[in-house]
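From first to last, the protein sequence lines are chains H and A. According to this note's numbering, the stretch in the first sequence is residues 1 to 297, in order. According to this note's numbering, the stretch in the second sequence is residues 298 to 760, in order.
No wet-lab data here; the hints were simulated from the structure. A virtual CB, placed ideally from N, CA and C, is assigned to each residue, including glycine. A portion of the hints provided could be inaccurate.
Straight line, CA to CA, 25 Å or less: simulated BS3-like cross-link-like pairs of lysine-lysine [to be verified]:
no., chain 1, residue 1, chain 2, residue 2
1, H, Lys153, H, Lys131
2, A, Lys634, A, Lys660
3, H, Lys69, H, Lys153
4, A, Lys536, A, Lys359
5, H, Lys69, A, Lys634
6, H, Lys131, A, Lys660
Pair by pair, the computed Cβ-Cβ distance ranges are [claimed, not checked]:
no., chain 1, residue 1, chain 2, residue 2, range
7, H, Glu265, A, Gln692, 21 to 29 Å
8, A, Ala699, H, Tyr7, 18 to 26 Å
9, H, Asp262, A, Ser603, 47 to 55 Å
10, A, Val515, H, Arg2, 39 to 47 Å
11, H, Pro263, A, Arg372, 25 to 33 Å
12, A, Ala699, H, Tyr275, 45 to 53 Å
13, A, Asn702, H, Leu296, 20 to 28 Å
14, H, Tyr275, A, Arg372, 15 to 23 Å
15, A, Ala310, H, Arg2, 43 to 51 Å
16, H, Val290, A, Leu728, 18 to 26 Å
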Amino acid sequence: MRVNPNYTANMVSLLNQSQQDETNALQALSTGRRVNKPSDDAAAEAAMVSENSRLAADDQYTANSESLKQILNTADSTLSSVVTILQRASTLAIEGANGTMNQTNLSSIAAEVSGINRQMLSLANTSYAGKYIFAGTATGSAPYIADVSVPGKIDYAGNDRQNSVQIGTGLTVSANLPGSSIFSQTSGNVFDALQSLFTALQSGDATAIEAAGTRISSAIDAINTSRVFYGNTVNELTSNETYLSQDKINIADYQNTLVSSDPAEATTAVTQAEYARNATVAAAAKMNQVSLLDYLK
Amino acid sequence: MSGLTTDLSVSVASLLASTQAMDVTTTNIANMNTPGYARRKVILEESTPTGNDEATTGVDVKAIRSLRDNVLELRINSAMSQQNLSSTVYNSLSAVELSFSDTASGSIGSTLDNFFSSLQALSVTPANTSLRSNVLTAASNLASAFRGTAAVISDSQHQLDRSVVQSTSDINSLLQQIAIANSAITSAQKLGQSSNSAEDQRSALLSQLSGTIDFRTVNSDDGLMLTTANGTALVVGSKAYSLTNSLNASGLNNVYSGGVDITGTIQGGSLGGYIQSRDQTLASMATQLDQFAFQFAQAVNNVQSSGSDINGTLGVALFNPPDTTAGSAAGAASSMKVALSGPSQIAAAALGGASGDNSNLAKLIDLQNQAIVNGSTPTTAYSDMTFSIGNTISQANTNATASENILLQLQNQQGSISGVSLDEESANLLLYQRSFQAAAKIITTIDTLMGNLLDMGVNNPGY
């Protein structure tokens, strides 16, 4: 059997192959990735698209949780101040109702109550980043404004809608509590209670002062009930963030198995490819060093 | 006496035969690296004896034969066509592939994720102007990713189109040369001369041609006849029929042979590869991308126009109405643009909702999980495209490697028949050198004998 005397094509093909192997192994080692373009592993790259999308969503959910927590904490600490000043008003009501005070004293208490009322108005119109947080979704303008036709009356100009924000796939939380469920709820309108205390103090009517004091107490209860929303939501956000960070680790792990090269494996592959290449080159250099011509004299 | 002169003429014939054999060896060695060259072998034959003198028959050079296997060459040419097609497809799509890599910055995939993230961020504080601006920026990045990817695809198509035109003219020049070689072979054969050189030349030309296009061959009295896979003539005898180019409806060049559009029937060679990448892979990607852009923009615009912007005005289209002819998505990707003039125009609120309402945003965000692009979610649609391009290229690569191995195998087989071996030629040289020397020795011997004969009368006057 005659063999092909022209071995260069075979040799070139082998040299190319060993060089390609070495380049691939080196690339896998230096980039840390087994897959560098879609044709390296089409299925893995296609999966990377959806995993990247999940990762981006998780990042955004985490960021959303953080900003929501800031807003909710602002609202909660505002309500904490609201409760503090209402308790002061409650104390003032008890003082005014015990019947030992003269009208002058009652009037000065009334003045303090009026101050509390103004403070309350300002707290109810608290804004975060320029947007009113107790206005429902009408965050563009102050939700509580003094009624021009009835002196001392405060009207609610916001709406009673709640935004829900996505914090996970198919998981949403309410992002706000409208003022109508806090300050001006039917079970205890804060402004009306304060106003009735103010009027009762001015008129020196001990029964009315006591009644107003009761209204303020129930308003405190109502606000404390509302505050549960903030605590619960913040807790939910915090535990969801823990889940999200775990989920991100899982996704990153999965992405690693999809496209990453194992450093130990990659190092071995480089060594193997190098060895194979050296052997091929050495063999190629040795091939056909002699021919019959060398022996013909 | 007649015996000696016969011996002399036989020896001279032997000298000539050995010289000719050495000429062939020289030619073989000289052409050992010439493409298309098949090693030649001198075929010696006992010459017809003159008269009844059976003792002295000389040698004749019957023929100088090129050792080639025509069937094997056909197989090699078709393997070459296949190999070039696959490697051309593999090489021509790499630019497009990189736009779909998960590490590519500003890809449709990453800008799509960013767009939805920006909507998510805005949903926390829907009236926030800087977050609204972020949404517009993300939307404009997404639009520019669509335009960029569409441009990469279209650029690649046009580059391939130039290659198609170039290939056509290369093929035409090869066809001319093959026709010339064809007529050289035919006329040599008719005159009873050797056509070996012309055949070597034609074989090299056919091998080049098979790298460019697939073709069929038929042996005829006028030499080899070449036709396209479609059956239209390329070379008949000494006449070459050129291929021509003509623009099609998409502004790309189709290939015509004898007035017939053969673009779709070219299935091999680099021309086949250019056409396959240009008209199948890239064309279908461009269509998919246009449909993606069109349906996505439409879905976003629909939600946008069902809500209210920050001023309570009815929302308007977020993306420019795709610049397309009715009923077709063509051109949607390359013309995608953000239509809103300012961040306040994002319709975050439900129809008639307050400025801080986010319920329409929730609907926009929901689009990420809705089957709005050809029955898939936007992310899945993009993921499918990534798979499709990656898979096409890796298949082309696998095919190229496989057909290269087949080609190498066949070429080895061809080499074992037609390749010039230095060892073999050296041995032959030695052989013919010896027979030349021997014949020359016989001539000197006969010369001596004849001299002796002529001298007989001089030295022996009594004879």
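Outcome of range test on Cβ distance (Ala699(A), Tyr275(H); 45 to 53 Å):
violated (26 Å)
CA of Lys69(H) to CA of Lys634(A), is that 25 Å or under?
Given pair Lys69(H), Lys634(A) is violated - Cα atoms ~35 Å apart, limit 25 Å.
Given the hint that Lys131(H) pairs with Lys660(A), test it: the Cα-Cα distance must not exceed 25 Å.
Holds - the C-alpha atoms of Lys660(A) and Lys131(H) are around 23 Å apart, at most 25 Å.
That 18 to 26 Å hint for Ala699(A) and Tyr7(H) (C-beta), does it hold up?
About 22 Å separates the Cβ atoms of Ala699(A) and Tyr7(H), which means 18 to 26 Å holds.
Hint check for Leu296(H) and Asn702(A) - Cβ pair distance inside 20 to 28 Å:
37 Å Cβ-Cβ, so the 20 to 28 Å window is violated.
Take the C-beta atom of Glu265(H) and the C-beta atom of Gln692(A), compute their distance, and say whether it sits inside 21 to 29 Å.
This hint holds: roughly 25 Å between Cβ atoms.
Quick one: are Val290(H) and Leu728(A) within 18 to 26 Å, going by C-beta?
About 20 Å separates the Cβ atoms of Val290(H) and Leu728(A), which means 18 to 26 Å holds.
If I claimed the Cβ atoms of Pro263(H) and Arg372(A) lie 25 to 33 Å apart, would that claim hold in this structure?
violated (45 Å)
Mind checking the alpha carbons of Lys536(A) and Lys359(A) for me, to see if they're no more than 25 Å apart?
violated (33 Å)
Confirm or reject the claim that Ala310(A) and Arg2(H) have a C-beta distance inside 43 to 51 Å.
About 30 Å separates the Cβ atoms of Ala310(A) and Arg2(H), which means 43 to 51 Å is violated.
Taking 25 Å as the top limit, are the C-alpha atoms of Lys153(H) and Lys131(H) close enough?
holds (24 Å)
Measure nothing beyond the straight line between the CA atoms of Lys69(H) and Lys153(H); if it is 25 Å or shorter, mark the hint as holding.
With Cα atoms ~33 Å apart, Lys69(H) and Lys153(H) exceed 25 Å; violated.
Going through the hint list in order, the structure does not satisfy hints 3, 4, 5, 10, 11, 12, 13, 14, 15.
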